[in-house]
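Chemist: Residue-level listing of the chains:
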Amino acid sequence: MSPVVTIFLVVYYAIVVGIGFWAVKKGAAKNLEGYLLGGRQIGPLVTAMTLQATSMSGYMFLGAGSAGYTTGYWAIWYASGDIGGGVVNLSIIGRRMRKLSKIMGSLTSIEYLENRYPAAATRLIAGLLSVFFLFFYVLAQFIGGGKGMALVTGLPYWVALLIAVGIIILYTYLGGYFAVAWTDFFQSAVMIIGVVWIFSAALHYLGGFTAVNNAFAKIDPTYLSIWGKGLGYKGQWGQVAGAVLIFSVGYMGWPHVVTRHMAMKDPKTARTAGLYSTIWNLFFVTSPYIVGILAIVILPNLKDPELAIFSVAGKLLPPAVTGIVMAAIMAAIMSTADSILLQVGTISSRDIYQRFFNRNANDKQMVMVSRLLILSIGIIGYIVALLRPPGVFAIVVFTTSVLGSAFLPAYVCAVWWKKANTPGAITSMLGGAIVAFVWKVAAIDSATAIHPMFAGLVVSIVLMIVVSLLTQKSSPVPKHILKAMEEAESLGDIPKDMVNMAEFALNAEAEEIKKLDQE
Amino acid sequence: MEKILTIKQNINQIRAIDIIDNLSEYYIPQVQKKLYYPYYWFLFKYSVKTIFGEKTIRVPCIIDMLNKQASTVDDFEREFIAVEQENIIQGKLKKLEALKSAKSYIIHAVMHKLKSLIYPEIELLEENVVYRPFWIIKCDRSGYNSFKVMVDGVTGKFQILNIVKEAK
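Chains as they are written, first to last, in this note's numbering: chain A, 82 to 600; chain B, 40 to 207.
It is worth saying that the hints were derived from the structure and are not from the lab.
Among the clues, some could well be false.
In the DSSO-like style, the derived pairs of lysine-lysine whose C-alpha atoms are separated by at most 30 Å in a straight line are [to be verified]:
| no. | chain 1 | residue 1 | chain 2 | residue 2 |
| --- | --- | --- | --- | --- |
| 1 | A | K595 | B | K134 |
| 2 | B | K187 | A | K560 |
| 3 | A | K577 | B | K72 |
Sequences and hints are given; from them, build the entire structure.
Modeler: As structure tokens, this is what we get:
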């Protein structure tokens, strides 16, 4: 990379650090408080961009580009699932799960699973599975950060990786990653401009899609096929189903941590922000895949396909812009990494340590446990990323396959099927995770042409249904849960508009008032 | 009558009825009563030392005095008003327990938002018991089950309480 790229990379970081520094000063305290309290003081556009900045990960910039570069238009199967993912998620379980989770007072999704499927084993299994597989996702971010840093700075991979992992752990320990709305907004804006610029520059350079497709016809026409390069997936609908499912429903299996906020005004911000996010997603999700596909023609002999987007940017954009865009991408990777690390920290301290090892653990001890675990993950992650670095795309697909297979039926049935009970959920989680894991590790997917996500999900669903039905007498669903589920369903005669507009945040109060009404 | 500290009401009876009326065609909404729901409200000073200097922010937290649920909360206006005893819901939670829950929740919530694993210094700046007004509205329709709704007197948001079966 040219020195100009490095200079602008440094300039970019100086600006972000400057905003971070300004944000902790008194003058910006209101901004920080507004951000903490649900973003109500910063408006829907900034809120939406902030959400996007934290959800963009190394996968989009390294994994999606690599998928496009190595398989051609086949990669769009993954993108199609990703585009519809948010909508499917919201319509299938989103609303009901939020309602049930509030009725049951759950703060993490693992706590929610234990409340719905009451047993210590539910929490232990869900917690351990989550921590184990989130480690792989963090690993993908480490590798992304290391590779990006090596490309930009020219440092050897092991040094660049050490710096990337070191910075991520350090800022998580030393006070957070400039977590202020305006820095996230700034980064998100740079990424949007950057992605649009890379995409347009690549398309302009090649002379439009017709020219690109003509070029493919000469290089290798199978790039144009829906079955992938060399028709490698021809007729393999099990692989197609898995590719679409992985990001459309696989994400639902991801554990999450929630915080509650009580609004004192009608929070229209959240709704408008959701709309902006969806529009942004429609464009952003497909762009990295397509840039990867275009890179086949622009840079046909790329050594590392994961660097397709970085390399196209380096070739086509002015050096100053490349430096800024790369810095923003690296920042996004690191920002995702520390979010996941904190998630792992919360799950391990709250859902495992406090629940199973030290019920009286105070907040200080829980923070210590989180810190120790995150440090261990950093060290182990560095070693794995250095010695046997797997591909970012492969890790994310693997992680989402296993988490989706393990948790999806448990989450969906929690709100949609009253007979789903504890033994059913536990066997479904274990069975789904084990099958998806073994399917990939033992390369059964290549032999059977069935995607691990598809196989894991089928086993997980079957186990949930069969085991729940067989154990209805020995392990009936507790009455208070059935009652909570009934509450989460629509309410008979009540007009639909009214049911749809009802406010989840008032569920706890509604429950108490109902009890008083019945007394 | 008892004098209590409340979150200032923005939604009056007519507006509350109007909100429900707009969404429940053919039903006739009628206010049954106005209830005051109890919360502990705490304002904390939350400080963490970072490489950029010390971050200090004020974080308000509210604890539901019936079910102990904690949330961060927007700023709100308060006012003392006299209310009939029967319209005040009595809280069950003890103050020390509420304070412990509030501190623990604030640490959890702020750490997540700040993405920081630093144990903070937390100082309690203000505390109070505050009551939030809720309009309880019954919706009737000839030949159908009636149902009850509670409308938040501060935001105008509402939640369905239950179906009243005997109305059929």
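Chemist: Going straight from one Cα to the other, do B/K187 and A/K560 come out at no more than 30 Å?
Modeler: Given that 30 Å is the threshold and the Cα spacing comes to 23 Å, the pair holds.
Chemist: Straight-line Cα separation of A/K595 and B/K134 no greater than 30 Å?
Modeler: 24 Å, holds
Chemist: Do the alpha carbons of A/K577 and B/K72 lie within 30 Å of each other, as the hint requires?
Modeler: Satisfied, since the Cα-Cα distance of roughly 25 Å is no more than 30 Å.
In this structure, none of the earlier numbered hints is contradicted; all agree with it.
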